[in-house]
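Line order of the protein sequences matches chains R and W. So our numbering is basically just the index in the first sequence, starting at one, shifted up by 7. So our numbering is basically just the index in the second sequence, starting at one, shifted up by 189.
Everything hinted at is true.
Computed far set for chain R versus chain W, every beta-carbon distance over 12 Å: (1) R49; (2) V124; (3) A192.
Selected chain R positions facing chain W (in silico; Cβ < 10 Å): (4) P10; (5) S21; (6) A22; (7) G32; (8) H35; (9) Y38; (10) S56; (11) Q57; (12) A58; (13) R60; (14) S61; (15) V62; (16) P63; (17) L66; (18) Y68.
Between beta-carbon pairs, the in silico distance windows are: (19) W:F297 to R:I41: 37 to 45 Å; (20) W:I275 to R:P11: 36 to 44 Å; (21) R:A180 to W:S230: 27 to 35 Å; (22) R:A180 to W:E259: 32 to 40 Å.
Hints in this document: simulated from the structure, not taken from any laboratory. In this text, all values refer to a predicted model and were calculated from it rather than measured experimentally. All residues carry an ideal CB built from backbone N, CA and C; glycine is no exception.
The lines below spell out each chain.
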Amino acid sequence: MTPPAIARAIVAISAPPSDFESVCGDLHEEYVRILALEGRPRADAWYWSQAIRSVPSLLSYSRVPRSLSALVLTVALVLVAIVAMLCVNELVDDTIAGAYRASHGTAWIFFIVGPLVAASFGALIAALRRSYGMRLVLFSASGLLAFIAVPILFQWSSRLSAATWILIVAASASMCIGGALYHLAARRRLKD
Amino acid sequence: MAKGAYLGEFEHVVLLSILRLGDGAHGAKIRAEIESVTGRSTSIGAVHATLERLERKALITSWMGEPTAERGGKAKRHFKIEAAGIDALKEARATLERLHAGVSLMAFVR
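Please construct the entire structure, taking both the sequences and the accompanying hints into account.
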């Protein structure tokens, strides 16, 4: 009698932490009612539709009072995350990776280190700005992708190798996973 | 009235729904009430975002209830309309009535 897991995750990521309980509870309450009246396919379809249509509204607010220092800290964290990932990216295409590749035949270690650094940043951002939920981590990861992809798309900078693209996408995904893991751990601690 | 104190159309609808529901007003009930009375399909996210805005304007207040099994172990956030909310509804109604006064909609029927 549980709603679709992916749709639930979409709501959990989008909702401000302060409203997570009430939003998920409200959806669950209506889901159970529709399930009893119209069956599982209709109830699942309803839940999916609510989850997707709710995302823009849920992303648009936070119950936390806005302050200048919070905004400055947020911007600084996002910039640090982007610069750090760019450094890792440079290492892959540049001399260190080249030298490592020459001596060991592969630069696989950077494909582990890069996403790990990104995951740590995701968790750090989530921990420091937890009142914003996963949204800040998602914005940071998107910012990282856009910051690198836009100049390349408009041919302002040289094209990257396929391996570097894989690293960038893996790093963005890892940033989100790092943030999500922090949130899961934090919620479990709250429940205990 | 200050600019931020005016009610948006959906804020108006949500405030009236809370008033209609009385003590039982919470997100799911408010969403269902809007859908059944207006026939307008509404997302729970839009309802919660509007409730947060109304609370920031001090037109309503909220408090968390106890978790229940029928809600998958999640708690309810209850909402109550404040005196300022009633005043805002009266003002919105009076404004609409002033605008409607002397206008015949029948003249525009095609």
